[in-house]
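So the sequences go chain by chain: A and B. To convert, note that position 629 of the first sequence is 629 in this note's numbering; the numbers rise steadily by one, no gaps. To convert, note that position 67 of the second sequence is 67 in this note's numbering; the numbers rise steadily by one, no gaps.
Hints may be right or wrong, so weigh each one.
If you want the footprint, here are the derived chain B segments under chain A, 3+ residues with CB under 8 Å [unchecked claim]:
#1 11-19
#2 25-37
#3 57-63
Think of the hints as simulated: they come from the structure by calculation, not from any bench. Where a beta carbon is used, it is the ideal one built from N, C-alpha and C, also for glycine.
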Amino acid sequence: MSVRRRSLLILLLVFGLVAGSIAVIATKKTQLGLDLQGGVQLIYEGKPTKAQPTVNQAALDRSLTLLRQRVDAFGVAEPEIRLAGDKQIEVSLPGVEDVNSAVDQIGSTAQLFLYDWEKNVLDEDCKTNPDEPQNGQSAVTGLYNAVQRAAKCDPRVDANNSAADRPRVYVFDKANKPVSEQTFESEADARDSLDAKQLEGAKFVTVPEGILVLRAERGDPDKNGKVPPAPDRWYLIDDNPALSGTDIKDPKQEFDERAGNLPIVTFKFTDKGRKAFQNTTRAIAIRGQDNAPPGADPVSASQHFAIALDNELVSTPYINYRENPDGIDGVNGAQISGGFTIDTAQNLAQLLEIGALPLRLELVSRSQVSATLGKQALDQGLTAGIGGFIVVALFLLVFYRVLGVIATATLAVYALYFYALVKLIPITLTLPGIAGLILTLGVAADANIVIFERIKEEIRAGRSVGTAIASGYKKAIGTIIDANVVTLLVAFVLFLLAAAGVRGFAFTLGIGVAVSLFTAVLATQAILLALSGTRLLSGRAALGAREREARRKFDFMGASRYFFSASGIILLIGALAIAGKGLNFGIDFESGSRITAPLAKAASVDQVREALRPVGFGDAEIQTIDNPDLGKNVVQVSVEKLNPQDNTVTDALNAKFGSAGDPNVETIGPSFGRSVARSALYAIIASLLIIGVYITLRFEWKYAVPVLIALMHDLLITAGVYALVGQEVTTSTVAALLTILGFSLYDTIIVFDRVRENVPRMPSAAFSQIVNRSMSEVIVRSLATSFCALLPILSLFLFGGETLRDFAFALIVGTLSGTYSSVFIASPVLCHWKEREAVYAKRESRIKAEHGGIVPAYAVATAGVPADVAPSERGGRRGRITAPSDPANVSNQEFEDMVRNLGVESGQAAAAAGPSVPGGRRAARRAGNGDGEAAPKPEPKPKSPAARKVTRKHGRAR
Amino acid sequence: MGIVVWVMTGLALWHFTVFLPDRFWGGIVGAFAGAVLGSAIIGLAISGLDVPGTDDTTLLTCLEAIPGALIGMGAVYFEGIRREGAARA
Chain A
1 MSVRRRSLLI LLLVFGLVAG SIAVIATKKT QLGLDLQGGV QLIYEGKPTK AQPTVNQAAL
61 DRSLTLLRQR VDAFGVAEPE IRLAGDKQIE VSLPGVEDVN SAVDQIGSTA QLFLYDWEKN
121 VLDEDCKTNP DEPQNGQSAV TGLYNAVQRA AKCDPRVDAN NSAADRPRVY VFDKANKPVS
181 EQTFESEADA RDSLDAKQLE GAKFVTVPEG ILVLRAERGD PDKNGKVPPA PDRWYLIDDN
241 PALSGTDIKD PKQEFDERAG NLPIVTFKFT DKGRKAFQNT TRAIAIRGQD NAPPGADPVS
301 ASQHFAIALD NELVSTPYIN YRENPDGIDG VNGAQISGGF TIDTAQNLAQ LLEIGALPLR
361 LELVSRSQVS ATLGKQALDQ GLTAGIGGFI VVALFLLVFY RVLGVIATAT LAVYALYFYA
421 LVKLIPITLT LPGIAGLILT LGVAADANIV IFERIKEEIR AGRSVGTAIA SGYKKAIGTI
481 IDANVVTLLV AFVLFLLAAA GVRGFAFTLG IGVAVSLFTA VLATQAILLA LSGTRLLSGR
541 AALGAREREA RRKFDFMGAS RYFFSASGII LLIGALAIAG KGLNFGIDFE SGSRITAPLA
601 KAASVDQVRE ALRPVGFGDA EIQTIDNPDL GKNVVQVSVE KLNPQDNTVT DALNAKFGSA
661 GDPNVETIGP SFGRSVARSA LYAIIASLLI IGVYITLRFE WKYAVPVLIA LMHDLLITAG
721 VYALVGQEVT TSTVAALLTI LGFSLYDTII VFDRVRENVP RMPSAAFSQI VNRSMSEVIV
781 RSLATSFCAL LPILSLFLFG GETLRDFAFA LIVGTLSGTY SSVFIASPVL CHWKEREAVY
841 AKRESRIKAE HGGIVPAYAV ATAGVPADVA PSERGGRRGR ITAPSDPANV SNQEFEDMVR
901 NLGVESGQAA AAAGPSVPGG RRAARRAGNG DGEAAPKPEP KPKSPAARKV TRKHGRAR
Chain B
1 MGIVVWVMTG LALWHFTVFL PDRFWGGIVG AFAGAVLGSA IIGLAISGLD VPGTDDTTLL
61 TCLEAIPGAL IGMGAVYFEG IRREGAARA
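Bound-form chain A, shown alone:
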């Protein structure tokens, strides 16, 4: 098949895919993430229980299934529930506004236990007295007092312990208020979860195993159906349940007709449960009768049966010994009443129906995005995307003219494919995902730049347009694949290891890189080859390759010591900034809450602070926000110590100033913050290792070390700049840092690829001369790719809104640092290191001897030996080529065209066609013939003092 026919077929495929993409885009719905449409995201961490002592995959899978059933019962459209990390489960609920209800419904462990009440209630001496109703106890006021009392009890270890199957540590602040309602397995765990401020004056109280601190039951709902808040009154009981949630079946929400149609939950017992229920109620009835004073009212003298759900007493019905002397036959089941609205009763019935979770789920992060802010973020993301596309297209058009038009067209095709894939897969589009899409515009354009520069180089070397395209592609494809594979690997590492929000970015980045490879390598090539015979591409000017590019004579290696020093100073300043000012870690790492609330009444920062002081948040960071979309009076409150279940701040704000809309709440628990930091560190280490291995495989290990040093340099400089300007470090920053690893490598690979190519071409040159030559050849494309990658990032920075601006800031710093380090760190380190090799040391000694003790910056021909030669290609065929070597792919006509394009006679065609000339191209060049390669002429020997300025004396004495 001829090249033109193959190109046309590829174009046909491209147009077919374009048509398909348009169809997909027109018919399929875009799945928007929570950050773009509003909703609630909850992240839970699985904790072991006595029944499930290890958090293994099976337990997580079972929990995931149960959570999915709960979410389905909650009636949320298109929820997403998935495992995240080792022990975490991420629940995304688009469109949900009532975060409290979602938390109650979804994350509740739903551990139901039924107790013989009098047999288990403990008195102040930790003793039970089954003969006395309720052991003569009333609930203890204040959790601190209850826990202090419980801490004095001896452990009651037995096989029946359930809710209190291990010691639990409670944490209180100086004012004896619980820091959180969460308990910990050890004091060390508890301390680990607190920040420095919380640790000041914190009190840790351990309740022994078998002693359960149970919250007293809530009151009944008022006339409006509003359930009173959970009371701060607590009972201490021996954790010795008679039945558990596994002993019941068919829970339903019903109404108690005898009690004014109050909502209740009814259930039936399993066979085992029925027997246990009857035995227990019989024992309660008998005990009640035995201990009742003569003539006593059985209602007041009867003993009780208690139902507890998730450490909260739901109800304590009495067992009337006169009506049920033999206990209650559980054949008709039982009911749970008290403190329910219809909704909460329905929820409980559903939870009981689905069953208890095998793991204790701790809510470690909660994000609530208002729909207004979501829409605003979507608009900003789209504006940044369109802006990014326009600036990249403009750059390509100005810089590459006709080639730029083709690149812009393929960029549009790329964007179309990408959007269609987003809808087809479907990929839930998030704000970081949009950032990934915008960044890949730069990646896609970079691939075109590398190819176009190669084509221009071929044209300037005297090739025809058609040959230049084929040859340029052949030479550029390795560089593009290397650079894109590295970005793909980094995206893969990010996807596997990074925090939840970053995964969307990694996924879109990965997909984008893969699609851009297709459009840049196949589609652009097909368009170019199809047009190569037309007038459009006939002129060199149209391709931006009119005049021969003047070789840049800058002594990169000679100047590197000064740039090295500059880097050292920048790093030192960065180190001082990190040490002195520190990095401003956001709540993703430090834990805490950020609440953006639209208020009904205008409020100053001081007024908000005064409103928050009574609830213990007088020291919160407060700022007013100018966001007309959200409302006139918007405040943002950042607090350190607020656990994910706590709504104190929003409640206080609403009470004082009223609410003008849903707040945006982001709460990160301490353990989640730690896991984010840990996963970020793992992701960076894994990325560096993978990059090192890849570079070693594709180049050699001595190329990998400078790459890693340069990357380390980029990361640390970015960190230093963050410390200097006090920019907040978030999970987006980590994603940006990892993206920098991929982007920074693009430049380095371009340079190293050319160094590798030039090494066999320059068999007598010093390594510094090879690097100087390589740098001078690729510096334009290296700078162009960086600039092109920077353009969409700038668009993100300018139009992307607050979240994307943070992300773009890190990318801008990283991209600039990456470009700098590719040229002035990675290459000089490689150069200095390689120069120590015997072969290069020998060359250097010879060159110094020939040039009066200095090594010219650029290789010069001496004694009739050219500075560079065409490399011999391994496996090349020997002998003359007088016909197409591959008649199936190259027609005779094309072969003749190629011969004409190369400007040689048929007899010279063999020499021009490649490495098959006896004696090689070196011989051909010596004979004064062009060798068909882009090998430049030997560099003239510097003669004047001015010319000597471009030489350098290597600083190392050898």
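Starting from the structure of chain A, add chain B where the hints point.
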């Protein structure tokens, strides 16, 4: 955070080795390893085998890295000279 500051300071000092004759064992990469490892190890030793956390990292932490980096690079340098001498002999 302390370890980041130590390594960063060591790395910063390493940049100035380009002004020295390249007699480091392992060349410029050997000097890099000496600077980074030296700053981290000596920094750790100075702070009592405890890496300062975010709140404990101060300007002094930065200074703690300097002797380590110099010792590390010096050790690599003199090892390079020793090896050169041995090779010549």
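The hints, checked one at a time:
no.	hint	in the structure
1	11-19	holds (count 8)
2	25-37	holds (count 4)
3	57-63	holds (count 6)
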